[in-house]
Amino acid sequence: MSTAAVTGKRPSTLRSASLPKWSPWAIAAGSLVVAVGIGMGAGLSSKIEWGLIAVLLFVFGTFAVAAKVEGKRQAKDRVVTALVWVAFLLALIPLVSLIWTTVKRGVKVLDPYFLTHSMGIVADSEPGGGIYHAIIGSLEQVGLATLIGAPIGVLTAIYLVEYGRGGLARAVTFFVDVMTGIPSIVAGLFILSLMLMSDMQPFGFAGSLALAILMMPVVVRSTEEMLKLVPNELREASLALGVPKWRTILKVVLPTSIGGITTGIMLAIARIAGETAPILLLVWGNSFINNNPFSGAQQALPLYIYQQYANSSGSTAAYDRAWAASLTLIAFVMILNLVARGIARWKAPKTGR
Numbered sequence: 001m002s003t004a005a006v007t008g009k010r011p012s013t014l015r016s017a018s019l020p021k022w023s024p025w026a027i028a029a030g031s032l033v034v035a036v037g038i039g040m041g042a043g044l045s046s047k048i049e050w051g052l053i054a055v056l057l058f059v060f061g062t063f064a065v066a067a068k069v070e071g072k073r074q075a076k077d078r079v080v081t082a083l084v085w086v087a088f089l090l091a092l093i094p095l096v097s098l099i100w101t102t103v104k105r106g107v108k109v110l111d112p113y114f115l116t117h118s119m120g121i122v123a124d125s126e127p128g129g130g131i132y133h134a135i136i137g138s139l140e141q142v143g144l145a146t147l148i149g150a151p152i153g154v155l156t157a158i159y160l161v162e163y164g165r166g167g168l169a170r171a172v173t174f175f176v177d178v179m180t181g182i183p184s185i186v187a188g189l190f191i192l193s194l195m196l197m198s199d200m201q202p203f204g205f206a207g208s209l210a211l212a213i214l215m216m217p218v219v220v221r222s223t224e225e226m227l228k229l230v231p232n233e234l235r236e237a238s239l240a241l242g243v244p245k246w247r248t249i250l251k252v253v254l255p256t257s258i259g260g261i262t263t264g265i266m267l268a269i270a271r272i273a274g275e276t277a278p279i280l281l282l283v284w285g286n287s288f289i290n291n292n293p294f295s296g297a298q299q300a301l302p303l304y305i306y307q308q309y310a311n312s313s314g315s316t317a318a319y320d321r322a323w324a325a326s327l328t329l330i331a332f333v334m335i336l337n338l339v340a341r342g343i344a345r346w347k348a349p350k351t352g353r
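The opening position of the sequence shown corresponds to residue 1 in the UniProt record's numbering, with each subsequent residue numbered one higher.
Hints were generated in silico from the structure; no laboratory data involved.
Careful, some of the hints might be misleading.
[What the hints assert, rightly or not] Quick list of the computed label-pair ranges, beta carbon to beta carbon: (1) A64 x K228: 41 to 47 Å; (2) D77 x A344: 33 to 39 Å; (3) W100 x E49: 19 to 25 Å; (4) F288 x V33: 56 to 62 Å.
[As the list claims (entries may be wrong)] 25 Å max Cα-Cα, derived DSS-like pairs, lysine-lysine: (5) K21 x K72; (6) K104 x K47; (7) K68 x K21; (8) K228 x K251; (9) K21 x K76; (10) K228 x K245.
Where is the CB? At the ideal position from N, CA and C, for every residue including glycine.
Sequences are here, hints too, so could you generate the full structure?
The following block contains the structure:
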């Protein structure tokens, strides 16, 4: 016979009443319905006001229901969770709105012809033309900037984490911090001053140099943080086996952190892919196809978007081309991120039991 049956007392338990898993969805739906009713009854025409009312009802409703069923302590936890979700959704609204607007307006002229033809002799106010010359220019300029900035940034981060000691390391860290916040126009003016001193004309590689300046501090910072996450035990185990330090970095440290390093480089590429100011100063823009980044003016997607909007004179065709180019630029960045994730997963060290 159990002790509970002998004593006649109810067995103690640590479990208390809990709301079902679907309760937040039910509270959110009820808050939305009540907010719509209040908005219509009060004559509120703005959907933003309806949304704010729904948010307030959701937060207070979550606290009231949770406090009645689970107690005030658990209710506070649920309110904080609800606020986190509300903040997430509020941050998601402009992003979704931006993507939706870009897709809606960009698909009007986005077709194979638009992607495989340049503007040529088509005026900005006339229909027709394409962005092939801008795609070629962006790919070459960003690619050259990556070839310059990524290795320098990764090697600088390796020096700071693995070798950097004393005044030189502090100086490098200071200048990296300063360069992280440098405006893009300053990088463009620096390269432009060198071009004027050498009596050079605008060309694509000059834009790559400015973009590389903007890219390097981002790569240094992200790579540095990834290298710091590698456990020191891995380094010590390799060194204890007599492996040289440079080989330990090459065979142990970098493969362990390659996923984060690749992601940081992709973020840096996304950072420079949309820069317009240095491209406007150094590349100058070109309506025709120029496959040589080392000679003559080139075009780029950010500059193309700016020029189509600035020189449209109210033309619907120019606006449509600007939105289509914006959609192409977003797709370009998204593809880069997907490729980076694939490379990071492919190169990440395999784990097993």
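Hint check:
no.	hint	result
1	A64 x K228: 41 to 47 Å	45 Å, holds
2	D77 x A344: 33 to 39 Å	35 Å, holds
3	W100 x E49: 19 to 25 Å	21 Å, holds
4	F288 x V33: 56 to 62 Å	58 Å, holds
5	K21 x K72	18 Å, holds
6	K104 x K47	21 Å, holds
7	K68 x K21	16 Å, holds
8	K228 x K251	16 Å, holds
9	K21 x K76	17 Å, holds
10	K228 x K245	16 Å, holds
When the structure is compared with the earlier hints, no violation turns up for any of them.
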